[in-house]
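Residue numbers (full-length UniProt numbering), protein chains in the order written: chain A, 1 to 256; chain B, 1 to 223.
Keep in mind that the hints were calculated from the coordinates and are not lab data.
Result set (SDA-like, lysine to any residue): computed pairs, CA atoms no more than 20 Å apart in a straight line:
(1) K145(A) x V221(B)
(2) K146(A) x R213(B)
(3) K118(A) x P140(B)
(4) K145(A) x N136(B)
(5) K118(A) x E121(B)
(6) K146(A) x P140(B)
(7) K146(A) x A215(B)
(8) K145(A) x R219(B)
(9) K146(A) x F214(B)
(10) K118(A) x Q119(B)
(11) K145(A) x G222(B)
(12) K145(A) x G216(B)
(13) K118(A) x T129(B)
(14) K118(A) x T133(B)
(15) K145(A) x R217(B)
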Amino acid sequence: MTDAIIRFDKVVKRFGDLTVLDELDFEVKKGEKVSIIGPSGSGKSTVLRILMTLEGIDGGVVHVDGEPLWHELREGSLLPASEAHLRRMRSKLGMVFQQFNLFPHMTVMRNITEAPVKVLGLGKKEAQLRAEELLDLVGLADQAKKFPHQLSGGQQQRVGIARALAMRPSILLFDEPTSALDPELVGEVLTVIGRLAEEHDLTMLLVTHEMRFAREISDRVCFFDRGQIREEGTPDELFTDPSEERTREFLKAILD
Amino acid sequence: MHWSEYLLPLAEGAWVTVQLTVYSTILGGVLAFVFGIGKLSSNMAIKSVSVGYIELFRGTSLLVQLFWLYFALPLAGMAIGIDLRLPPVVAGVLALGLNIGAYGAEVVRGAIQSVHQNQREAARALNFTPRQTLFNIVIPQAIPEMMPSFGNLAVQNLKDTALVSLISLGDLTFRAEQIRNFTQDSTTIYTLLLLMYFGMALVVTVVMHLIERFAGRWRMVGS
Ligand SMILES: Nc1ncnc2c1ncn2[C@@H]1O[C@H](COP(=O)(O)OP(=O)(O)OP(=O)(O)O)[C@@H](O)[C@H]1O
Ligand SMILES: [Mg+2]
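Same shape as in the complex, but just chain B (with noise of 0.2 Å):
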């Protein structure tokens, strides 16, 4: 088998990365401005359960997410009589999404506290609601201040996929695997997986660049 005919498969896994990716970024994004301004909540419940959710995620491993997800809950849920089981893709974006999510929302909330606290002042000197002051005057300006550290997550998250061919999810490292197990190439194959990796988290830093200076345009007219 020559080289070039493992680019196929590797491509067909590669999709598969990348959709696992994008869909897991955007749930954890999601998830991390839901919980990490959550946690800044003057309700308990609410500052509770943020916080609850971001230990749980933050202290327990992707993988035991991943197995839990897909191998624990669909018994979990047999026992009480409800089908759980989870497609692979699912429990995939699932466990990514949450496990990011909960690292973006101390982003998140790190992030709304460092906007200086005058702004606040000012926005209820205007009588702004909480809320508008929060969605209007304070996110608006932390935004810029996540996205580095989005950007980060964002790798990472990548990085992060290939544990989901443990759970025979068809992605660039199941197939590189699936390769080599048939050619023992393995040279050649680590070789095109290390450099595909490299290239999609050159796209998605890139790509998270862009966001971050959509959202910061303002700091930089005229300058």
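The shape of chain A in the complex, shown without the other chains (with noise of 0.2 Å):
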């Protein structure tokens, strides 16, 4: 427990009537790789949200970094956060998103070095040289003066995973990262987030229906059922030898 990056306490999560997160009980451990597999709509969506803040709690606590984050501890109790304290919790983590959500109007250096600029007042020089070694990283080091809609799909994914590590999160969330890309180009965004999850004591998050690439680069991985985690398991456990029928079902409907 003390060595948990992440935690989800009992958590609860409604839209209207609908309850995505039942009681949601969830650790992952500072460093590790977890992959998140799941039926749609079974929330997995949901938890990277809540915890990039892009989306609220309506019970339990998640704590961040010993912390809790969509609370703060005033005077013995615990209330709702305030903007101040997700500000300064949201700089723990970072996120790559289904449709990239790279900003059009930046070309590829300023999409990546806006924010460190912006919001960690890093000198325009200093970000550059940070944005080239991540461009760098991600194989794109000659596209940073081009706008990303005059890249391919598998290249704004890479830079948008690069605009996110400019951040230096210590957590970084994936949702679907290929989800949305052409199958040819998935190679190259897996490729890049393999070696990340390689060389990098990042903790990582990854909603994938990527079984494969789960299997290879996960500590961990969680199968989430209607809100609340089914099974979970190393790899090996939870691909070859699941406990749960459901889980079973649902491997088998999607690797066929």
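Fit the two chains together into the complex; they arrive one by one in their own frames, and the hints show the way.
Dropping the structure here:
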């Protein structure tokens, strides 16, 4: 428990009458690479969006780095978090979106440097040096001057990864980073994510339908079903010998 | 009086019309941004003032607004002991700008709202403040969306300047009326008037197009 960098404690999330997360308990250790799999609508994105503070919670407590994310401890009681608290907590996390969500009016370079300069207060030169390193890391060193619409989907997503890394998060969230890509472009993005997983002590949380990839890079795989973790384990356990019937059905359907 | 002699007074009037159009369009543009953004504010006071302004100036006619500023405001000022007499040019620019600003505010609001939600989410994930998100992420993408409507409003504004001749401002329409009263040569005068307004509208359209292309130049790179 002490080395958990992310901890969901009986977290409830509702959209109107729909309970999307139903007293979810969930932990991720520092540096751990965790994949989340599960059927559509099971609440996978919601978990990431709550962590990225894009979506609030209706019950329970989310801890990040030992501190409540959506609450603040003031005068001995847990109160809803202020924007200042959310800002501080948010700086620990980064997110890579399914639709990339690059800023279309900015060059690749500015997409990556804008937040470090405006939010972290980095000097322009320093931010550019950092961006060049990151572009190198994602294999796009020669694309800095282009605009997002001039890049392929796979290239755009790699810029998305570089943009998130430029803020130096300790936790990186990936929400189906390859689902919007043409099949032939999936590989280049997965290669980059795989390299990150191998070479960095980043904590990674990855929602994906790429089962083979999840199996390769994850320390642990969680199968989500109807707002709860139905089953979790090492990739080998979960993929070769799932104990739950629901997991078996899901894997069978997706692997066929 | 030969028709070529009409040209000098008409050109003088046209110059006044141009100035009125430029100043009031700039004023209207500023008001459009202030109140268009204001209408989206989460601060209820700012929001209410913005909605109030937009509804008031869209719900009343420009003519009434102009007369109110020029004739009623000074009287109201006198009643409370302040000199609120406005020179005709100021009253004209104010009325036109306030009027076009109210319509423009709705354009600004609509364009800001049309920027995809996922842009705001990306900005939030990168820890931009709401203000930075608005000014660095959302508005630069919204401006190219606004420009076609702004172009229409600017042309509309040019045509509306004719109303200021009613507070004896020597604009193009006013000068034309003067010459017509003197010469009774309605056909020539009104034909010239028509052509001159049309020419100016063309210029306004072209200028707005150039601004549109400039504001959205990132869209055209490499295509
Ligand atoms: N803003 C929202 N308003 C209402 N309902 C929502 C909203 N966001 C998500 N939902 C619903 O919550 C449920 C869980 O959504 P979520 O996006 O977390 O699912 P998911 O597991 O990521 O599914 P997928 O594999 O399709 O991405 C779905 O039924 C979805 O329709
Ligand atoms: Mg999802």
